[in-house]
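Participant: Residues per chain are reported as follows:
Protein chains: 2
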Amino acid sequence: MTPVITAFAKSPDRGRGLARDMRVRWALEEVEKPYEVRLLSFDAMKQPAHLALNPFGQIPTYEDGDLVLFESGAIVLRIAEQHARLLPEDANARARAIMWMFAALSTVEPPIVERSMAVILERGEPWYEQRMPILEKNIRQRLDRLSHHLGDADWLDGRFSAGDLMMVMVLFRLEGSGLLEEYPNLAAYVARGQARPAFRRAFDAQRQVFLRS
Amino acid sequence: MTPVITAFAKSPDRGRGLARDMRVRWALEEVEKPYEVRLLSFDAMKQPAHLALNPFGQIPTYEDGDLVLFESGAIVLRIAEQHARLLPEDANARARAIMWMFAALSTVEPPIVERSMAVILERGEPWYEQRMPILEKNIRQRLDRLSHHLGDADWLDGRFSAGDLMMVMVLFRLEGSGLLEEYPNLAAYVARGQARPAFRRAFDAQRQVFLRS
Numbered sequence: 468m469t470p471v472i473t474a475f476a477k478s479p480d481r482g483r484g485l486a487r488d489m490r491v492r493w494a495l496e497e498v499e500k501p502y503e504v505r506l507l508s509f510d511a512m513k514q515p516a517h518l519a520l521n522p523f524g525q526i527p528t529y530e531d532g533d534l535v536l537f538e539s540g541a542i543v544l545r546i547a548e549q550h551a552r553l554l555p556e557d558a559n560a561r562a563r564a565i566m567w568m569f570a571a572l573s574t575v576e577p578p579i580v581e582r583s584m585a586v587i588l589e590r591g592e593p594w595y596e597q598r599m600p601i602l603e604k605n606i607r608q609r610l611d612r613l614s615h616h617l618g619d620a621d622w623l624d625g626r627f628s629a630g631d632l633m634m635v636m637v638l639f640r641l642e643g644s645g646l647l648e649e650y651p652n653l654a655a656y657v658a659r660g661q662a663r664p665a666f667r668r669a670f671d672a673q674r675q676v677f678l679r680s
Numbered sequence: 468m469t470p471v472i473t474a475f476a477k478s479p480d481r482g483r484g485l486a487r488d489m490r491v492r493w494a495l496e497e498v499e500k501p502y503e504v505r506l507l508s509f510d511a512m513k514q515p516a517h518l519a520l521n522p523f524g525q526i527p528t529y530e531d532g533d534l535v536l537f538e539s540g541a542i543v544l545r546i547a548e549q550h551a552r553l554l555p556e557d558a559n560a561r562a563r564a565i566m567w568m569f570a571a572l573s574t575v576e577p578p579i580v581e582r583s584m585a586v587i588l589e590r591g592e593p594w595y596e597q598r599m600p601i602l603e604k605n606i607r608q609r610l611d612r613l614s615h616h617l618g619d620a621d622w623l624d625g626r627f628s629a630g631d632l633m634m635v636m637v638l639f640r641l642e643g644s645g646l647l648e649e650y651p652n653l654a655a656y657v658a659r660g661q662a663r664p665a666f667r668r669a670f671d672a673q674r675q676v677f678l679r680s
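Chains as they are written, first to last, in our numbering: chain A, 468 to 680; chain B, 468 to 680.
Hint data in this document are derived by calculation from the structure and do not stem from the laboratory. Heads up, a few of these hints could be off.
Copies of one chain are not kept apart here, so a pair can be met inside one copy or by any two copies together.
As the list claims (entries may be wrong) - Calculated lysine-lysine pairs in the DSBU-like style (CA-CA distance at most 30 Å, straight line):
#	residue 1	residue 2
1	604	513
2	500	604
3	477	604
4	513	500
5	477	500
6	513	477
I would like the entire structure built from these sequences, with the hints used as guidance.
Facilitator: Here it is in structure tokens:
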């Protein structure tokens, strides 16, 4: 049975790989599980058919037989649990890999998204210049700690895991901000993720959607 | 073996149960697992001994034998995986319960925290009055959808699960904002969570820390 995911028909990131379907595509490529993609317009995302899959009206969703999931974190975890490779066998190492997924989504991503949203929505506001340094300071607080933890290791905790996949994708959102480049080991970490063949396949697949549209 | 969690010696919420150790305490009470608490000053949280447990220098952490975890989501999931009661046995229902944990932390919590932070940090800024309605609109967007999904059900997906635990705790952060009261079914949902004996025990335990300090 081939799972079906949803993605933007016209991604607002113009194919840069920032939309959250990229996380799920990458996970599926790592475990070499074929999948189908159903593309959705912004209008279709708010219609009952899609809201029945994800009440928040977002992408990606994941349909695999009777199971319907939303939330990229939950979908990646489900894929990782079913196919090895993305989670260690050792129980404690497995719990730590899942911990890094939560750290990426709950601790590192929110200030990064807050800055991206301000760039899009508040650029013309009189307070923009004054708030931006505060938003960037919040991001640096997280990156300082993460950089210190990573040190000169390749991955966050031993072998590449779903925790690295999620952290790389979250840091990848800093592209163009100049912030990641302040931390050479984090920049190299993201580049290591991007160099994985599964990442390339996933990236090219989502980029094709943009090029065709 | 009794697990050890960390919590604020002087919680900035003055014992209102908003600190993230409350989530872990509640999960431990639901599965009736005894635990110990190590209280930390703000200074101690930034020292090497604590940073070795959580590189981001936050509470809660969770030590259980050889395993050390941080991130309340990861800790609650670990507890839920080991003790039943907080996750359904059926594999698909289990995946959906975990999905609701991610939805609480990744989709519902960020705009709520953003508003709370603005109230604390930006109240004196000239843009405060203008930004607050935008922040509240972002929260309402999530609550509209969540309220519609919940309808008149008791819990998000069948029996009470770790997904409800996390969602109730995230919505609980809206206390005092007036926003939750705009959605009577969500307010009743949070009240249902608060009425659980395990919630009460956890709440009283964290409140005792404040009353003693």
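Participant: Confirm or reject each hint.
Facilitator: Hint check results:
Proximity of residue 604 and residue 513 under a CA criterion of 30 Å is satisfied inter-copy only: 17 Å between copies versus 35 Å inside one chain copy. For the identical chains of this complex, residue 500 and residue 604 are neighbours neither inside a copy (40 Å) nor across copies (39 Å), given an alpha-carbon limit of 30 Å. In this assembly of identical chains, the alpha carbons of residue 477 and residue 604 lie at most 30 Å apart only when taken from different copies (25 Å versus 32 Å within one copy). Only within a single protomer do residue 513 and residue 500 lie at most 30 Å apart by alpha-carbon distance; the minimum there is 29 Å, versus 42 Å between protomers.
Taking the shortest alpha-carbon separations for residue 477 and residue 500, only the intra-copy value of 24 Å comes in at or below 30 Å, while the best inter-copy value is 49 Å. Taking the shortest alpha-carbon separations for residue 513 and residue 477, only the intra-copy value of 15 Å comes in at or below 30 Å, while the best inter-copy value is 44 Å.
The earlier numbered hint that this structure contradicts is number 2, and it is the only one.
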